[in-house]
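Undergrad: Sequence lines, in order, name chains A and B.
Residues in the first sequence are numbered consecutively from 5, following the numbering used here.
Residues in the second sequence are numbered consecutively from 197, following the numbering used here.
Simulated from the structure, these hints should not be mistaken for laboratory data.
There's no promise every hint is true.
[As the list claims (entries may be wrong)] 20 Å max Cα-Cα, derived EDC-like pairs, lysine to aspartate or glutamate:
#1 A/K8 x B/E912
#2 A/K159 x B/E800
#3 B/K312 x A/E36
#4 A/K8 x A/D48
#5 B/K312 x A/D7
#6 A/K151 x B/E812
#7 A/K151 x B/D219
#8 A/K8 x B/E318
#9 B/K853 x A/E86
#10 B/K214 x A/E86
#11 B/K472 x A/E36
#12 B/K850 x A/E134
#13 B/K789 x B/E800
[Stated by the list, open to error] Footprint (simulated), chain A over chain B, 3 or more residues, beta carbon under 8 Å:
#14 212-223
#15 230-239
#16 556-569
#17 694-705
#18 864-871
#19 891-905
[Stated by the list, open to error] A short list of chain A residues far from chain B (calculated; beta carbon distances all over 12 Å):
#20 V72
#21 N75
#22 E123
Yeah, the Cβ is synthetic: ideal placement off N, Cα and C, and Gly gets one too.
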Amino acid sequence: MSDKTVVTVTVNGEEQEALIEPRLLLVHLIRETLHLTGTHIGCDTSSCGACTVLLDGRPVKSCTVLAVQANGREVTTVEGLEGPDGLHPVQEGFKEEHGLQCGYCTPGMMMTSVALLAENPNPSEQEIREAISGNLCRCTGYVNIVKAVQYAAAKEGATA
Amino acid sequence: MTAATESTVQGAIGQSPKRVEDDRFIRGRGSYVDDVQLPGMLFMAIYRSPFAHATINSIDCSRALAMPGVLACITGKDLEAHGLAWMPTLAGDTQAVLATDKVRFQGQEVVCVIAKTQYQAEDALEGIDVDYDPLPVIVDPGKAMDADAPIIRSDLEGKADNHIFTWESGDADATERVFQEADLVVKLDTLYPRIHPAPMETCGCVSDYNTATGKMTVHLTSQAPHAHRTLFALVAGLPEQKIRIISPDVGGGFGNKVPIYPGYVVATAASLLIGKPVKWIESRSENLISTGFARDYHMSGELAATKDGKMLGLRANVLADHGAFNAQAQPSKWPAGFFNIATGSYDFKAAYCKVDGVYTNKAPGGIAYRCSFRVTEAAYLIERLVENLALETGIDAAEIRRRNFIQPDQFPYRSPMGWEYDSGDYEKALNIALDLVGYEELRKEQAAKRERGEIMGIGFSSFTEIVGAGMSKICDIAGLAMIDSAELRIHPTGKGVLKLGVQSQGQGHETTFAQIVANELGIPSDDIAVEHGDTDHTPYGLGTYASRSTPTGGAATAIVARKLREKARQIAAHMLECAPDDLEFDSGTFSVKGSPDQKKTVQECIFAAYQPGLPEGMENGFEDVTYYDAPEMTYPFGTYICVVDVDKGTGEVKVRKFVAVDDCGTRINPMIVDGQIHGGLTQGFGTAMMELISFDEDGNCFGGNFMDYLIPTAVESPSWTLGECTTPSPHHPIGAKGVGESPTVGSPQAFVNAVVDALSPYGVTNIDMPLSAHKVWKALRDAGVSDE
Ligand code: FES
Ligand code: FES
């Protein structure tokens, strides 16, 4: 196999260094090397979004990004959402509005939602549906996920 | 059912506490099988057949074995030496674990590679060389019984055809007589296509053999961990006390995680032989091409009626495509599941059905995808026939249902094919749905649109489900009675643990089952921790599928809580120096009838249960266990109405409104019930509109990844208007019937009936699912409709 290489990635605010194969996918760096298993894998065709994380604040499907592409950059995973003041409004919204069932799609869904609200703090239902259209959920039927994002938007609006 | 006074205890039935399981999921702290990382863990990848039917001449793994990190390549021959090349299926057939003689479907497991890393295991698949001789392929089940058809199961001694079973139900002669008398007969040939449950988490396991203790721990994506432990014991010959199945958080199941798959068996055998943990997680493509598909029922239905729309008789003939191995998951005595529930919500004089199962060169199955054993296909057939009867007679689709419903005073109702329905008020559900949708206005709008040449349709489904198996006298799986269990242990401080034999895959059992305890025992649901999914720590049960958790495990929970309530009552009476019968129980407090100040809380009684000074002969402690064998099935029902607009130019179907009125008996947590219905309706929408696993003539699978197998995204998924009515089950301890599957069982035909209704002015009487824009467009063009 090809020679290993060192990457330095800031994950959830902490700088991490790892010696990896250049072909290692970001999702595997996160899950296997750093043991942050909240980021899930649901497909092999970049279709499901279960693996969504933020790379420098923008949502990416981490199964479709090489770990080396994250070198020197900042990654936020679901484990980084909760702050010293408690749950992120999006996390709270998913619980309050019953926006999850099996929970498998949930981390990716929440990361996409966080990115949406950063860009568009007051999205319409249609905008929410389009924003999460790259994230598949087999359990909820999306109605309550939309409500969860709206809950978070309202909450963030109130505290902004 | 005993009518309980409404409890005011936190979390009691009817309240919607937020889900306790969410606290870990929203933090990314769930624990799914792929999250299990053990020291020294090895990884397994599976080399699969590219052919649908081919003889294996030779398998050469030498190139793979020379690749970095590769420790072993396991073939069928290797397994044969341990008697493991074949395994029994839940349906009493055998299935190749790894192919020895030939491959029988594309994607079949041939070689397993064990390596130090996942990447190395997958790299090594390129180093497997198999020499095949392709054989003729059967894709069309209609050709499986042709005289010149190749024999797929040449491994079965004396097998000279591709027939699996023929199963009949009902009275053929009586049905024929009714058909002779009828004014008219409506016929429908329809395919309920092959689809896949596709939970977001695929299947997999981590098998961990402890060489010191001889104990095998298998972390497994399992909907039925206890049954799987027993099957592992039977298949692998391991002593059952040395097997522990842990089904941690499961990322959706929907029936996909009921069977045992070859990957589980090989990973477990590999761990046993190598003495290290072995992880196998299938990819999405592997999940779609090789694990339990659903449906694939080719149905011919006939409905006999009078000209004023009174239904008399039903007859159905089904060709069931089970793929290369009969690996369907149905109760043992039911080769076609409960397909004979096909008379649905209607009072027929006579009915008869016949189902033939055949082998084809396709992935084995079929499993009950969010379905209680073929009720989905049955409900589809009857509701499609009723729609066509309405078209044929010109009687309104709501009215024709109303005229034929089983009436409330007919319950318990014995159906012509032998089921005893517990309770129902079908017209009530229909009326609520009609109101919610604004039916009269819609029909007026439709008439006006038709004048203008616009296409709009309204589709109904007034379905009846049969769930909660249940009934060990007629239902077992591999000989195991379909009971379920609950063990309740309350600690001295009044807080405790409920352990279940059923297994959540997102249904929220940790919340709802604690609510049943809250209701029955008066302890806040927040004070009850629910455990499931670890066979070393929970009582035996048959697992979660077929909407059976609440009907069976829920019943067991209510009963065990009642047993303990009686113990608490004895203690309270002892402390209050009165007779137990002099006490009233309300929301967790026993009080003396007539002197309500004389009282003890259930928590006080529980603390006393751990103290000296109990009533004469009573043991200390506060725990009990119940195994529940349901006396009957439960029969949830409802009416769904779908309104669609069809684009003449493109064939695109837009769901404008969908009303769903469900009656699932008592609702434990209304928020969770609504969530289940949302999810099931969306799956039904996917079935009706987009999902399909198909094959070319060589048996190549189309639909083997999420770019080809389309499941609904947030953009095309409709919103839902929900309504409810409540007709409790008379034989269930809390009157609950179960709800998980009603929406997948009930909804697909509502979408299809709406589109058939929309296109009926052009003479269209059937379109098979999925109703892609292209199919609808083609139906319109075939009917001579142009864009303008
Ligand atoms: S795992 Fe499905 S998109 Fe990344
Ligand atoms: S909650 Fe199960 S996939 Fe979304």
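Undergrad: Hint by hint, note whether the structure agrees.
TA: Going through the hints against the structure:
1. A/K8 x B/E912: Distance of about 44 Å is beyond 20 Å: violated.
2. A/K159 x B/E800: violated, 41 Å
3. B/K312 x A/E36: holds, 13 Å
4. A/K8 x A/D48: violated, 24 Å
5. B/K312 x A/D7: Distance ~17 Å between B/K312 and A/D7 Cα, so the pair holds.
6. A/K151 x B/E812: Answer violated: A/K151 to B/E812 is near 57 Å, above 20 Å.
7. A/K151 x B/D219: holds, 18 Å
8. A/K8 x B/E318: Given pair A/K8, B/E318 holds - Cα atoms ~19 Å apart, limit 20 Å.
9. B/K853 x A/E86: Status violated; Cα separation ~38 Å.
10. B/K214 x A/E86: holds, 19 Å
11. B/K472 x A/E36: This hinted pair holds, its Cα atoms lying about 18 Å apart.
12. B/K850 x A/E134: Roughly 17 Å separates the two Cα atoms, so the pair holds.
13. B/K789 x B/E800: Distance of about 19 Å is within 20 Å: holds.
14. 212-223: holds (count 9)
15. 230-239: Coverage by chain A holds for the segment 230-239 of chain B (3 residues, Cβ < 8 Å).
16. 556-569: As far as the segment 556-569 of chain B goes, the hint is violated, because 0 residues have Cβ atoms under 8 Å from chain A.
17. 694-705: holds (count 4)
18. 864-871: Coverage by chain A holds here, the residue count being 4 at a Cβ distance below 8 Å.
19. 891-905: With 3 residues in contact (Cβ-Cβ under 8 Å with chain A), the coverage given for the segment 891-905 of chain B holds.
20. V72: holds, 15 Å
21. N75: Holds: least Cβ distance 19 Å, greater than 12 Å.
22. E123: Answer for A/E123: holds, closest chain B Cβ roughly 17 Å.
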